[in-house]
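Line by line, the protein sequences give chains A and B. Numbering that gives the first Met the number 0 numbers the first residue of the first sequence as 0 and each following residue consecutively. Numbering that gives the first Met the number 0 numbers the first residue of the second sequence as 0 and each following residue consecutively.
For the record, the hints were derived by calculation from the structure and aren't laboratory data. Please note that the accuracy of each hint is not assured.
What the hints assert, rightly or not - So the derived list for chain B, only partly shown, Cβ under 7 angstroms to chain A, looks like this:
#: 1; residue: Ser4
#: 2; residue: Ala72
#: 3; residue: Ala73
As the list claims (entries may be wrong) - Label-pair restraints from in silico Cβ distances:
#: 4; chain 1: B; residue 1: Ala81; chain 2: A; residue 2: Leu93; range: 23 to 29 angstroms
#: 5; chain 1: B; residue 1: Leu99; chain 2: A; residue 2: Asp137; range: 46 to 52 angstroms
#: 6; chain 1: B; residue 1: Ile80; chain 2: A; residue 2: Leu150; range: 18 to 24 angstroms
#: 7; chain 1: A; residue 1: Met74; chain 2: B; residue 2: Met0; range: 39 to 45 angstroms
#: 8; chain 1: A; residue 1: Phe142; chain 2: B; residue 2: Arg86; range: 19 to 25 angstroms
Ideal placement from N, C-alpha and C gives every residue a C-beta, glycine not left out.
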Amino acid sequence: MSFHLILFLAFGAVCVGGAVNLLAQRHPINSALSLIAVMAALAGEYLLLGAEFVAAVQVIVYAGAVMVLFVFVIMLLNAGEEEETKGSHVAFLLGVPGVLTGSVLTAWVMVRHSGTEAVAIGALPGHPTDIAQLLFHDFLLPFEVTSVLILIAIMGAVVLASKPEATARKVD
Amino acid sequence: MVPLSYYLVLSGFLFACGVIGFLIKRNIITIFMSIELMLNGVNLSFVAFAAHWHALAGQVFVFFVMVVAAAEAAVGLAIIIAVYRTRETLNVDQVNLLKL
C-alpha cells in the first residue's frame with residue numbers, strides 16, 4: 000500500500016464522512032460545518048492530483064468565501080432545527096432508483112476500469128503560470144463572459160436581498 | 000499510485016450524496032448546500048480526468064465551475080432571504096404558493 004493511496008483514503012474518508020454527516024444532521028449549521036470539512040478534504044485530493052492552484056482556490060473561494068456566506072445567512076435567519084415531515088412521494092420515487100442506478104454505475108466503473116493506469120503525484124504540474132496562459136489566452140472569451148455573469152449576479156443579489164419597502168419607495 | 004477509477008467513485012459518491020440531500024432535506028439552506036456538494040463532486044472528476052489525460056484545460060474548467068457556483072450562491076442566498084421575508088419560514092413544504 001503506497002503512501003499516495005494511504006493519503007487518498009484518508010482524505011476520501013473525510014469526504015465520505017462529511018457528506019454522510021451533511022445528510023444526517025438536522026441543524027443547518029452542523030450541515031454547513033461538515034460541508035466545509037468535505038471541501039477542505041477535497042483540496043487535499045486536488046493536491047494529490049497535482050492541481051496545487053486549484054487546491055488553493057478551493058480553500059480560499061469554496062471553503063472560505065462561499066461557506067462564510069452560507070454560515071452568515073444561517074445565522075442571519077436564525078435557522079433552527081429542521082422540522083420532521085413526512086417524506087414526499089417524489090423523493091422516494093426518484094431517490095431510491097437514483098441511488099440504485101448511481102451505485103450500479105460506480106460499481107461498473109470500478110470493475111470495468113480497475114486496470115487503468117494510475118495517476119502519479121505531480122503527474123500534471125498545475126502551475127499557476129500554465130493555468131494563467133490557458134485562462135487568459137485560450138479561454139479569454141469565456142473568462143470575460145464570466146465577469147459579466149458575476150456583475151449580473153452581484154446586482155441581482157443586491158436587488159433581491161434589499162428590503163421591499165426600500166425599492167417601493169424609490170418607485171414612488 | 001491511485002487508479003483513476005477510485006477518484007471517479009469518490010466523485011460519484013459525493014454527487015449521489017448531493018442528490019439524496021436535495022431530495023430528502025426540508026430546509027431550503029441545506030438543499031442549497033446539497034447543490035454545492037454536487038458541484039464539488041463534479042469538480043473532483045474534472046481534476047482527475049485532467050490529471051489522467053494530461054490536459055490542463057480540465058483544471059481551467061474547474062475555475063469556471065467555481066465562478067458559477069459562487070455567483071449562484073450569492074443569488075440563491077439572496078432569494079432565500081427574500082423567501083424568508085415573505086413566508087417567515089425556511090421549510091420548503093410550507094413554500095407552496097404555486098402548488099395546486
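Self-check item: Index of numbered hints that the structure contradicts, given in increasing order
Solution: 8
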